[in-house]
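Enquirer: We have chain A; now place chains B, C and D onto it with these hints.
4 protein chains.
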Amino acid sequence: MPRVAFLGLGAIGTPMAKHLARPAFDLAVWNRTPSKAEAFAAATGARQAATPAEAARDRDVVVTCLPVSRDVEALLDGPDGLLATMPAGSVLVDCTSGDAATSRRMAARLAERGIGFLDAPVSGGVVGAEQGALTVMIGGDEATLERVRPVLESFGKKIVHCGGVGAGDALKAVNNALLAMHIWGTAEGLVALEKAGVKAEVALDVINTSSGRSNASMNLFPDRVVTRAFPRTFRLALLDKDVGIAAELAREQKIVAPLLQLTSELFRLAHSELGEEADHVEAVQVVERLGGAMVGGRPTEG
Amino acid sequence: MPRVAFLGLGAIGTPMAKHLARPAFDLAVWNRTPSKAEAFAAATGARQAATPAEAARDRDVVVTCLPVSRDVEALLDGPDGLLATMPAGSVLVDCTSGDAATSRRMAARLAERGIGFLDAPVSGGVVGAEQGALTVMIGGDEATLERVRPVLESFGKKIVHCGGVGAGDALKAVNNALLAMHIWGTAEGLVALEKAGVKAEVALDVINTSSGRSNASMNLFPDRVVTRAFPRTFRLALLDKDVGIAAELAREQKIVAPLLQLTSELFRLAHSELGEEADHVEAVQVVERLGGAMVGGRPTEG
Amino acid sequence: MPRVAFLGLGAIGTPMAKHLARPAFDLAVWNRTPSKAEAFAAATGARQAATPAEAARDRDVVVTCLPVSRDVEALLDGPDGLLATMPAGSVLVDCTSGDAATSRRMAARLAERGIGFLDAPVSGGVVGAEQGALTVMIGGDEATLERVRPVLESFGKKIVHCGGVGAGDALKAVNNALLAMHIWGTAEGLVALEKAGVKAEVALDVINTSSGRSNASMNLFPDRVVTRAFPRTFRLALLDKDVGIAAELAREQKIVAPLLQLTSELFRLAHSELGEEADHVEAVQVVERLGGAMVGGRPTEG
Amino acid sequence: MPRVAFLGLGAIGTPMAKHLARPAFDLAVWNRTPSKAEAFAAATGARQAATPAEAARDRDVVVTCLPVSRDVEALLDGPDGLLATMPAGSVLVDCTSGDAATSRRMAARLAERGIGFLDAPVSGGVVGAEQGALTVMIGGDEATLERVRPVLESFGKKIVHCGGVGAGDALKAVNNALLAMHIWGTAEGLVALEKAGVKAEVALDVINTSSGRSNASMNLFPDRVVTRAFPRTFRLALLDKDVGIAAELAREQKIVAPLLQLTSELFRLAHSELGEEADHVEAVQVVERLGGAMVGGRPTEG
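Protein chains in written order, with our numbering: chain A, 1 to 302; chain B, 303 to 604; chain C, 605 to 906; chain D, 907 to 1208.
Only chain A is shown next, with the shape it has when bound in the complex (with noise of 0.2 Å):
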């Protein structure tokens, strides 16, 4: 039975963590909000941990699950740190969407101590979480990987091993990237239609049929935005972020990526815009505002 320590009890994280708040895991947890903690150990019996330390001494395996990859190396130091108490032979499995360059210093310095390191960020949101069905990108070596896999199962569904530490990172911050120039972009098209007299409703069933599609116009704007729902479901804060690692990674590997490079600079200005708790999808409101035309609704009032 593995002793596992999940740390960070978020959006995502706290589904995440109920999967390993079964008998076949001995769990315990830590958040820095305690009494987010607290209500989890209530509920599923997991062990409440007061720090890091506390949470991570015997575990076999450390998972974390934070906004960004510093938080995560935050957590490593001082007499409360995952140092004081990992132990040699032990897993730092972490889930945040981070940065390969803190990944790579991390691993560097868990490894010094004889600890395992895997970058491990997930895909699948809220609902994934819930099914257990996320996927899972690992960056890490392949041996690593195989001794945590049982607690990688239990909260994902396709385990996909991308590379050495930091590729997880890499690819997760793509993805997203992908996702936030696909929003971007199709808010710009639909703007452009809508004051063109073409209705929103109407392009998206032909897009949505046609080679121009992408996730963003079958999913999110049909559900979110026609209806002018904008659920608060991943913070625009956080996919600024992913849009910037993957931004770094294209001038590190020196690619010509200018795409990616602006659509870097347009979340980091809706983000300025909107302020730390506006959801993702809301930057589309951005280029509605500018361009002076609403998709799929009537224009607001004053």
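Accuracy of the hints is not assured; some may be wrong.
Here are the simulated PhoX-like cross-link-like pairs (lysine-lysine), alpha carbons at most 25 Å apart as the crow flies [as the list claims (entries may be wrong)]: (1) D/1064 with C/803; (2) D/1105 with C/858; (3) A/158 with B/460; (4) B/556 with C/858; (5) B/556 with A/199; (6) A/254 with B/497; (7) A/254 with D/1160; (8) C/803 with D/1105; (9) B/460 with A/195.
If you anchor each label on the Cβ, the simulated ranges turn out as follows [unchecked claim]: (10) D/945 with C/761: 27 to 37 Å; (11) C/881 with A/127: 34 to 44 Å; (12) D/1138 with A/143: 48 to 58 Å; (13) C/671 with A/292: 18 to 28 Å; (14) A/32 with B/313: 57 to 67 Å; (15) A/292 with B/445: 26 to 36 Å.
Keep in mind the hints are simulated off the structure, nothing from the lab. For clarity, every value in this text was computed on a predicted model and none was experimentally measured. Positions of the beta carbon are idealized from the N, C-alpha and C atoms, including for glycine.
Expert: This is chains B, C and D only, laid out in the frame that chain A set:
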């Protein structure tokens, strides 16, 4: 039995016209290069006309399918032109992926003679044309559309009324601009990933079950890029033209549309680099060359 | 003594027209808002005309200076229009910062009646206009230019024949697009430096003796931005229009011009954000707001 | 008499070092390729050192001038490195056009040993270096600057304290990014104008008395582009690096800076196309080739 003329027996036009060469229609065809029309007539029993004027004489509907709107406009005038013979009450259905400004100009001239006009660009490619399963995007008035619907339904499965004259052109251009953006953006991401050690096959496997997926990532990259097949099915020069039309639409409508505009620049660049005969997906090779890595293959020698 | 009409007594037009209100010329003026023309006539002794047609009657040269080409085109027709009275052999000199396509269309219509046309946009601003020291960029044939040279020299110090009709428009638009690019690009750099702790005054002191200097960095930033003066001398809306003309020129000529196209998007954004009355240099405030730092001042409260 | 070491006898470093090879200074020099240092020593009487450590022994000031910051960082360590011999109380003045992050890292390491650090990139080119008329942009504390001022004044006419460590790097990078933007943007405009029939000589004559002028349009285009001279004075590869540093600065500071980012992509593209030896102004040739027209010359054959 509607009397129909079809002008423009290219890659898409030929299979479209075949659906009109059935007992239900009386079909005349014309093509700039007469040998194609001759072969078509021989194979189908359609009548070959020597000039646009001859093809259009006594027709209820004239269908055109040419590279650009100006090619159609150039067929209107002169003793051999369409205006010399098209009767009042007939309709010109232009299936060219055209531009709205030229369509409106043609519609106005035809209206002076009591002739109807629809812009009616299609999507679905050669396969869709062969199967009579195209999507047809209609700009023009609904009454005119109803008069020619049987003709459109011979080759189209989904006939969508988009708005007034030019609305079909606008929607087709935006769809194709999104296609172009997705091809180029996905190429940027995959080239960066390849250089960072993540194979395109692995990346596409993940992206295509994640939020960054598009028609480009799900179909074009697996079938044409990773395989290095790059079949020539749709010319880059024509996609460049379409992206330009979409970018122009956005500018006319005063939309802030930096991604559309940049995509237009990048396809002009690719067109300039690769010439008139390249397929649209070959644009990926420009990203590969500039970035110094190949998507899903080994680097080219030399 | 050339008989001259001047239409369009705006910020630049008024001081230009003053140079023509001298004994050497017989001047008639017209303005859409009659009170301006009335005041001008009262101050200078020029004759006020009630309509464009009246202004142009018996004139050798008609000079127009309006916001956009279409404003000029709209003055041609109808019983009060220029075509109703301009005599064969006269010349229309359009000092509007116009677009080549409209200029060519006007030139063609005027040529049918034996009337010459020159596009003749000016640079030098209000001060240059007052001093009769403008640069005048001429598009049209040289013989026509020679016929009106005395009129041009009344307000212009540097008369440059640029090419055929539209060449003056094209050059003016490109000059202004470079101005716009330099304003925005310098703002990006200075905002980044301010945030990194390098004061704009220090940065400009260095840049203006180094290779990155431009008219924007040498004049506009020290005089208008660092001082927070932002006088309203040239409307952002008009610069947006000019950049759009330059971007359109590049597209028509099939130039790969991503910086021009992006500059066009950014000024459309600024125009959308700041409205019709903002000065062109206020675009800097959009960069400041989005970046979260001020160039050469303390951050705005609230 | 300050004892000085100069490391890096490149195109700019050599004329800078000459000003230190005077009786007022005791100069030791080192260069990676020893023959250059040997020739320099023979010509000037400076002492040639076999290693950085030997050059730095007993020096008050060590000046470095290398292609990139990491080249300087690589000289610090090992038995032959600067840290092996630089005495406490000495100062490392790095005239490399460097990046702030590396400068800060070096400053921190040197501070541990009581050694001062200034980033001190220069502008003014080879001619400025020969005349001792460079502008020197200083990042670091003022007391350190005062201690080395006589050394800086030997080659610099304008010594500007920009801020803390890295501020000089930041300002130099932004200046060069503006240079790059102005070169590319002016090229786009002039290529479009040439294709539209306006000769570059005429266009530059107007622009250079108008608001769109810049150092690029006033000096580089007339002297190097229109003449087709393209002398190799400053490598495109280095300008690409500088634009990248400025773009990185903007991202670190969370500035929305699309023009800087796009300029960075375009110079990466040009660098990829033209290779390591091309001059920075040759970037114009990429714009020309993609646009299909030459600035100020006849189209190339073939």
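Enquirer: Does each hint fit the structure? Answer for all of them.
Expert: Do the hints match the structure? See the list:
1. D/1064 with C/803: OK: residue 1064 of chain D and residue 803 of chain C at ~17 Å, within 25 Å.
2. D/1105 with C/858: holds, 17 Å
3. A/158 with B/460: violated, 36 Å
4. B/556 with C/858: holds, 21 Å
5. B/556 with A/199: holds, 17 Å
6. A/254 with B/497: holds, 9 Å
7. A/254 with D/1160: Since the Cα atoms of residue 254 of chain A and residue 1160 of chain D sit roughly 21 Å apart, the hinted pair holds (cutoff 25 Å).
8. C/803 with D/1105: violated, 40 Å
9. B/460 with A/195: holds, 24 Å
10. D/945 with C/761: 27 to 37 Å: violated, 53 Å
11. C/881 with A/127: 34 to 44 Å: violated, 49 Å
12. D/1138 with A/143: 48 to 58 Å: Given about 52 Å between the Cβ atoms, the range holds.
13. C/671 with A/292: 18 to 28 Å: holds, 20 Å
14. A/32 with B/313: 57 to 67 Å: holds, 60 Å
15. A/292 with B/445: 26 to 36 Å: holds, 31 Å
Going through the hint list in order, the structure does not satisfy hints 3, 8, 10 and 11.
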